[in-house]
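*Asks:* Now for the letters of each chain:
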Amino acid sequence: MNKKVAVFRREHFNAAHRLFNPDWDDATNTDVFGKCALPNYHGHNYELEVKVVGEPDPKTGFVMDLKKLSDLIETEILGRFDHKNLNLDTEAFKNLNPTAENIAIVIHDLLRPHIDEKMDLQIRLYETPRNFVEYPA
Amino acid sequence: MVYLTRVEHFNAAHKLFNPAWDYEKNEQVFGKCANENWHGHNYELYITVKGNPDPDTGFVVDVKRLSLLIKEHVIEKVDHRNLNIDVDFMNGQFCSTENLAIGIWNQLSPHLPDKVVLHCVKLYETPRIYVEYFGV
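These protein sequences, in sequence, are chains R and U. The numbering used here runs 103 ahead of the 1-based position in the first sequence. The numbering used here runs 771 ahead of the 1-based position in the second sequence.
You may find that some hints are simply not true.
[Said to hold, decoys possible] No more than 20 angstroms apart at the CA atoms, straight line, and that leaves these computed lysine to aspartate or glutamate pairs for EDC-like: (1) K803/U with E194/R; (2) K803/U with E204/R; (3) K803/U with E179/R; (4) K803/U with E114/R; (5) K138/R with E795/U; (6) K803/U with D192/R.
[Claimed, not checked] Simulated coverage check for chain R against chain U, where a stretch passes if three residues somewhere in it have a Cβ under 8 angstroms from a Cβ of chain U: (7) 113-127; (8) 138-145; (9) 192-206; (10) 212-218.
What the hints contain is simulated information worked out from the structure, not anything from laboratory work. Here the structure is a predicted model, which is why all the values come from computation and not from measurement. Glycine residues also receive a C-beta, built at the ideal position from the N, C-alpha and C atoms.
Starting from the given sequences, assemble the full structure and let the hints guide the process.
*Replies:* Structure (structure tokens):
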């Protein structure tokens, strides 16, 4: 019988970014990315939901200790991205457009090695209260 | 007297720093908010006006008109901008949420229709942090 349970941890961070493709000229970037391409950056309050799915450990009753998940997100994600400029201050987005889609993939790939491979991992990232993405879809 | 509120939102980058202080002092006072290359927020803006309902319309103010005034005089200037660099009415000021609320008040209040009085600018920097300015 499937006894898989999803557990979630919600965190948040603030960051500046801009969206642009360095292979394109300013006009094309503005055409595609609109105000998001403005040169002096803008920013967001990102809300992050990390979902881990698996069967509860019979010894603890936990799918995953949420304190450990919280500490992991703090170390791997918030420490890297909170109050930073994603384009300028982070290795991950030196050569990658920091769209919500790409940020979600990067967060997933940073957390994945630290979470039991028997567990499924999914990231939901809110860029604004109305715009959010999920990875893997 | 009725209070009417219109909610708008914008995204912007900023940093908190005092140019008269060195890097260490800024970091000591403003912490991560002093990050040299900026950070950013989704700001939620609550504009509250007060007045008596017009006998012909029942409105304190036509909220569509209020919305357009906020967009023209505030949102267009700050949305997807860097508050420290791009916003004329914040020139020479620290871009704290407090000062931004005062700046927004000063931007908006001269443009309101007759008989409509600005009561409060309430500005959320994050879902957990907000300021209110009542013009005094």
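*Asks:* Next step is simple, just say for each hint if it's right about the structure.
*Replies:* Results of checking the hints against the structure:
1. K803/U with E194/R: holds, 18 angstroms
2. K803/U with E204/R: Status violated; Cα separation ~25 angstroms.
3. K803/U with E179/R: holds, 17 angstroms
4. K803/U with E114/R: holds, 17 angstroms
5. K138/R with E795/U: violated, 33 angstroms
6. K803/U with D192/R: holds, 13 angstroms
7. 113-127: Check passed, 5 qualifying residues.
8. 138-145: Answer holds; 6 residues pass the 8 angstroms Cβ test.
9. 192-206: violated (count 1)
10. 212-218: violated (count 0)
Hints 2, 5, 9, 10 from the list above are not met by this structure, while the remaining hints are.
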